[in-house]
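In case you want the letters, here they are:
4 protein chains.
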Amino acid sequence: MTCESGKMFFQIDSTNGIPVYEQVARQVTFAVANGALQSGELVPSVRQLARELAINPNTVARAYRQLQDQNILESRRGTGMVIANGARPICKTERTRILRERIGYVIDEALQSQLTKEEIQKLFQSELGKKRGK
Amino acid sequence: MTCESGKMFFQIDSTNGIPVYEQVARQVTFAVANGALQSGELVPSVRQLARELAINPNTVARAYRQLQDQNILESRRGTGMVIANGARPICKTERTRILRERIGYVIDEALQSQLTKEEIQKLFQSELGKKRGK
Amino acid sequence: MTCESGKMFFQIDSTNGIPVYEQVARQVTFAVANGALQSGELVPSVRQLARELAINPNTVARAYRQLQDQNILESRRGTGMVIANGARPICKTERTRILRERIGYVIDEALQSQLTKEEIQKLFQSELGKKRGK
Amino acid sequence: MTCESGKMFFQIDSTNGIPVYEQVARQVTFAVANGALQSGELVPSVRQLARELAINPNTVARAYRQLQDQNILESRRGTGMVIANGARPICKTERTRILRERIGYVIDEALQSQLTKEEIQKLFQSELGKKRGK
DNA sequence: GTGGTCTAGACCACG
DNA sequence: GTGGTCTAGACCACC
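Chains A, B, C and D are the protein sequences, given in the same order.
Per our numbering, the first sequence starts with residue 222, numbered consecutively.
Per our numbering, the second sequence starts with residue 222, numbered consecutively.
Per our numbering, the third sequence starts with residue 222, numbered consecutively.
Per our numbering, the fourth sequence starts with residue 222, numbered consecutively.
None of these hints come from the bench; they were simulated from the model.
Just so you know, not all the hints are guaranteed correct.
Put simply, identical chains are the same to the list, so a pair is met inside one copy or across any two.
Claimed, not checked - Derived lysine-lysine pairs resembling PhoX-like cross-links, with alpha carbons at most 20 Å apart:
# : residue 1 : residue 2
1 : Lys313    : Lys352
2 : Lys355    : Lys313
3 : Lys343    : Lys313
Predicted model only: the values in this text are computed from it and were never measured.
Make the full structure from the sequences, and use the hints.
Okay, here's the thing in structure tokens:
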């Protein structure tokens with residue numbers, strides 16, 4: 222599932238084990254970290270985004286609630302949710318934390334399978350090579 | 222939780238999000254892939270392994286049942302479960318499949334966060350460097 | 222034990238030696254093979270079906286899990302289990318496989334008892350004649 | 222697993238769901254029904270048969286115990302087990318009972334799968350045709 | 001509400 | 001002793 226909404230580009234995979242609300246929250250976080258979304262900008266409304274992603278509005282609401290708790294979003298009554306002041310450094314830190322954590326888990330698992338670091342390195346390169354991106 | 226049982230060394234982390242039965246199954250799979258367990262060898266009995274890992278026998282049984290469905294284990298009535306004939310290639314393939322899949326997910330997520338391949342590569346190296354292992 | 226649930230008609234005999242979860246799984250398989258259940262349709266929820274058949278929810282869950290492993294069902298988080306895309310051909314094949322296998326076993330046993338094919342044929346006709354059905 | 226022992230020819234399949242002891246008992250029953258074994262004849266000793274079939278002696282013993290209960294075998298102290306007087310009619314009846322029962326189960330299952338009697342008939346012919354035998 | 005995981009403990013069949 | 005099935009009931013995440 223992918224969709225473009227405002228300045229955001231969402232890509233949801235409901236089969237990869239990561240909760241949908243978590244994926245939504247992360248993608249907002251990442252967009253702020255990149256500078257794609259700036260403090261004060263409106264994010265898509267709960268209902269609109271839910272419609273566009275064909276997911277339950279509760280799921281979007283939960284993602285936004287979590288972002289509020291992290292001081293990344295704040296609600297403007299009568300207007301919607303906007304990127305909070307000071308969100309960018311939080312998001313950058315958060316982005317690195319999330320990615321490092323997930324990379325660490327994968328490495329742990331590979332080590333546990335008795336692969337050597339070198340073999341893990343090779344697998345990683347091989348997968349990275351398959352992907353298109355900068 | 223770690224334990225040594227027969228030729229196997231188990232390490233279970235009940236807090237990392239991966240179901241315990243899945244961790245047990247993977248570790249058997251990995252051990253066969255490594256050659257630590259060979260076709261015809263008995264694996265620890267459901268009850269014994271459950272006792273040693275301090276988990277419920279049903280959880281071990283579920284892991285073993287899944288391995289049966291994958292033609293990695295077969296049950297010998299009244300005797301126990303043994304590594305099936307032809308299990309090793311299955312396990313090797315399975316090991317690579319599991320690790321590649323998980324690596325792929327992490328890379329996807331990192332790319333989506335607008336990191337460049339080079340940046341992802343650096344993060345990976347940094348995390349791999351932190352680990353001890355061969 | 223019989224029950225009607227949604228488009229399904231279940232008939233469970235807990236004394237015939239075939240595990241209850243297996244009977245549940247087969248009946249879903251057969252219903253898909255017949256076209257009574259179509260891709261995308263929800264099957265009865267684990268809890269509801271368990272209540273209606275007066276069995277334990279875990280037993281139903283096990284049947285459904287097995288069907289998931291066979292790519293016949295897929296779970297929609299928070300929604301329920303639906304018939305997977307492409308389930309029908311799988312179910313048709315599976316139905317024939319199951320029945321042929323069981324017929325084959327019976328014939329083997331009869332041959333081993335030194336009955337001739339003709340005698341086996343007669344026994345079969347005689348039993349088939351006793352049954353009511355189309 | 223197959224073996225020839227005295228006048229008996231045993232064929233054991235430990236994967237077809239029928240308990241091994243039951244398969245042993247049935248094959249003795251069938252041999253008596255055919256006249257291959259006659260009243261007063263010795264059957265192979267528990268230990269010898271167990272060795273030849275590579276199964277547990279307890280399993281053979283259990284089969285023989287069941288046959289004793291059915292008045293098909295009787296033990297001669299210091300000699301072994303022999304086919305009892307009057308065993309043949311018992312075995313003939315028993316053979317038909319067993320086969321009819323198993324055929325009935327299979328037909329029931331096929332009917333439950335919504336196959337018509339005609340379709341079941343065809344499946345049966347097809348499987349019978351595959352077998353070699355008289 | 002949904003499914004998923006896990007525990008605890010029973011009973012059975014088999015060797 | 002072994003695995004296999006089933007029950008009862010808890011807790012969690014998700015929608």
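Up to 20 Å between alpha-carbons, please classify Lys343 paired with Lys313: within, between, both or neither. Answer is between; shortest inter-copy Cα gap is 16 Å, intra-copy 28 Å.
Checking an output row: Lys313 and Lys352, CA cutoff 20 Å. Within, between, both or neither? Intra 23 Å, inter 24 Å, cutoff 20 Å: neither.
How would you label the pair Lys355, Lys313 (within, between, both, or neither) given a Cα cut-off of 20 Å? within (19 Å within a copy, 32 Å between copies)
Hint violations for this structure: number 1 only, all remaining hints satisfied.
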